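Asker: If you want the building blocks of each chain, they are given just below.
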Amino acid sequence: MTAGPDAPRADPAPWRFRRLLALYPAQWQADHGDAMLGVMLDAAEADGRAGPTAREALSALGHATTQWRSRWQGRQRHDAVLRSFAALGPAAVVSGAVLAALSLGFGELGPILTRTPTMPGPEPLLGFTTTAVVVHVVWLVALVAALAGRVGPARRAFAVAAAAPALVAVLSALTALPQARVGLLGGLTVFGAVAAVAWPDASRRHRVVVGAAVLAGTAIGAAQILRTVASSSSPAWEFTGYGFYSVFGLASLGGIATTATWAVLGLGLLTVWHRPGILVTAVTVGGTWIVVTHAGIAAPEPGAWMLRPSHLLPFAALLAIPLSLALLTTAVRLHGRTVRA
Amino acid sequence: MVTEMRDPTVYLLTALSSGPRHGYALITEVADLSDGRVRLRPGTLYGALDRLLSDGHVAVSREEIVDGRLRRYYELTPDGATVLAEQAARLRRLAESTTAALRLRGATA
Chain A
1 MTAGPDAPRA DPAPWRFRRL LALYPAQWQA DHGDAMLGVM LDAAEADGRA
51 GPTAREALSA LGHATTQWRS RWQGRQRHDA VLRSFAALGP AAVVSGAVLA
101 ALSLGFGELG PILTRTPTMP GPEPLLGFTT TAVVVHVVWL VALVAALAGR
151 VGPARRAFAV AAAAPALVAV LSALTALPQA RVGLLGGLTV FGAVAAVAWP
201 DASRRHRVVV GAAVLAGTAI GAAQILRTVA SSSSPAWEFT GYGFYSVFGL
251 ASLGGIATTA TWAVLGLGLL TVWHRPGILV TAVTVGGTWI VVTHAGIAAP
301 EPGAWMLRPS HLLPFAALLA IPLSLALLTT AVRLHGRTVR A
Chain B
1001 MVTEMRDPTV YLLTALSSGP RHGYALITEV ADLSDGRVRL RPGTLYGALD
1051 RLLSDGHVAV SREEIVDGRL RRYYELTPDG ATVLAEQAAR LRRLAESTTA
1101 ALRLRGATA
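Going line by line, the protein sequences match chains A and B. Start counting the first sequence at 1; every next residue gets the next number (my numbering). Start counting the second sequence at 1001; every next residue gets the next number (my numbering).
Be careful, since some hints might not be right.
Covered stretches of chain A, going by a simulated chain B footprint (3 or more residues, C-beta under 8 Å) [what the hints assert, rightly or not]:
| id | region |
| --- | --- |
| 1 | 31-40 |
| 2 | 53-65 |
Simulated restraints, written as ranges between beta carbons of each label pair [unchecked claim]:
| id | chain 1 | residue 1 | chain 2 | residue 2 | range |
| --- | --- | --- | --- | --- | --- |
| 3 | B | Asp-1067 | A | Gly-51 | 10 to 20 Å |
| 4 | B | Ala-1101 | A | Gln-27 | 46 to 56 Å |
| 5 | B | Glu-1096 | A | Pro-25 | 40 to 50 Å |
Facing chain A, according to a computed beta carbon distance under 7 Å, are these residues of chain B, among others [unchecked claim]:
| id | residue |
| --- | --- |
| 6 | Arg-1006 |
| 7 | Gly-1023 |
| 8 | Pro-1042 |
| 9 | Thr-1044 |
| 10 | Tyr-1046 |
| 11 | Leu-1070 |
| 12 | Arg-1071 |
Hints in this document: simulated from the structure, not taken from any laboratory. Source: prediction; values computed, not measured. C-beta atoms are modelled at their ideal positions from N, C-alpha and C, and glycine is treated no differently.
Given the sequences, and given the hints that come with them, work out the whole structure.
Answerer: Here it is as structure tokens:
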């Protein structure tokens, strides 16, 4: 192991050995990197080497490979079927990102840029067809942060995504912009509640923000409904229908519904990463809301300014993809946790 | 039934049986114990140490900085000592049965 007496000797160069450590997962490097570097430097010094030998490099490569493999196996299930299903989590996030981007581009920005009216509905707010565009952008920021592993910024962005539309709606009502959005407020209230449900381990401050938005939306929505009741001359059945739409029927139902779904999915995935099972609640609540709103769309008058029944199928398909993936992912994670226990 | 251990692992436990050792000392000790047959590379050493640590056969006893290098010392745990004793007994039985078989072969030859 030691060099011969006539062999040229050299001081070990630490940077050459650190390159081998770079093969290892970051956590392993943090735990054992310095100690292993010391061993390699001691061995090199005894041999009069400046850098690692080929055998040392191969040995480190083999060990680093086992570390990566065991790390991966620790996260995934050993069962082959479960392992394949586990890939659905990233697939759900990616499909959500793609669909949200398409929705943002074609559904929100497109009509604004081309000045094309999309559907009969409330007046544009601050130049946007719907406040959903704000949520879309914030949600995409949150998604990018989540994919980058920045959990803190991702959660803060999700909080903003949950609270922003309600805040805009509150401002809309307070500033008496045309057609105060009773329906929007009602839907956003549900949206906020869903976000809160999907986010049980949020910090107290974040809970206060979301909770305040939900309460404000509920209060203003209730006030608007009562005002409608007081001033309405419509028959009771029509009022009942209108009240239903007021709460669940949104001005830009498709945009809000998809945004909410992505937000719930993102929140759920982000949360379930540490706490399996939460996504079940989140998606169940979110899915129920979507089913109810779609039932509202499919109903006849009043509601001609809302999404047409013919839009129901594409939107349902759009929503079914991430919801199915999310449910499958949750089932896999729950099952995996059971197996591990 | 005693699970068979690989030679480098047995040598590592044996090296630690006389007291705590740091990584490089383990490499040299194992080389000495095996008459130079087993030469552990750092990756092999840490692979074995990872397994022994996770199995509870070995524990980190202390750390020190020498010439700016971190030296982490490992020691044999009571569980590790039991396992090493079992391995020694297994190897002894193997040696005895092999010797007996060779004696029998010599008697019949």
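Asker: Has the hinted range 40 to 50 Å been met by the Cβ atoms of Glu-1096 (chain B) and Pro-25 (chain A)?
Answerer: Since the Cβ atoms of Glu-1096 (chain B) and Pro-25 (chain A) sit about 45 Å apart, the hinted range of 40 to 50 Å holds.
Asker: Hint Pro-1042 (chain B) vs chain A: min CB-CB distance below 7 Å?
Answerer: Nearest chain A Cβ about 5 Å off; hint holds.
Asker: Grab the minimum C-beta distance from Arg-1006 (chain B) to chain A and call the hint holds if it beats 7 Å, violated otherwise.
Answerer: 14 Å, violated
Asker: Holds or violated: Leu-1070 (chain B) as interface residue toward chain A, Cβ cutoff 7 Å?
Answerer: With a closest approach of 4 Å, the Leu-1070 (chain B) hint holds.
Asker: Quick check: do three or more residues in the region 31-40 of chain A have a beta carbon closer than 8 Å to a beta carbon of chain B?
Answerer: Since 8 is at least three, the answer is holds.
Asker: Taking the closest Cβ pair, is Thr-1044 (chain B) under 7 Å from chain A?
Answerer: With Cβ-Cβ at 5 Å, under 7 Å, it holds.
Asker: Just tell me: holds or violated, for the beta carbon distance of Ala-1101 (chain B) and Gln-27 (chain A) against 46 to 56 Å?
Answerer: 49 Å, holds
Asker: Have a go at the Arg-1071 (chain B) hint: is there a Cβ in chain A nearer than 7 Å to its own Cβ?
Answerer: 6 Å, holds
Asker: Does Gly-1023 (chain B) pass the interface check with chain A, least Cβ-Cβ distance below 7 Å?
Answerer: 4 Å, holds
Asker: Can you verify the interface hint for Tyr-1046 (chain B): is its Cβ closer than 7 Å to any Cβ in chain A?
Answerer: This hint holds: Tyr-1046 (chain B) lies near chain A, its Cβ roughly 6 Å from the closest one there, short of 7 Å.
Asker: Taking a Cβ-Cβ distance under 8 Å as contact, does the region 53-65 of chain A have three or more residues in contact with chain B?
Answerer: Satisfied; 9 residues make the cut.
Asker: Is the hinted range of 10 to 20 Å satisfied by the C-beta distance from Asp-1067 (chain B) to Gly-51 (chain A)?
Answerer: Roughly 18 Å apart at Cβ, these two residues keep to the hinted range, so it holds.
The structure does not agree with numbered hint 6 stated previously, though it agrees with all others.
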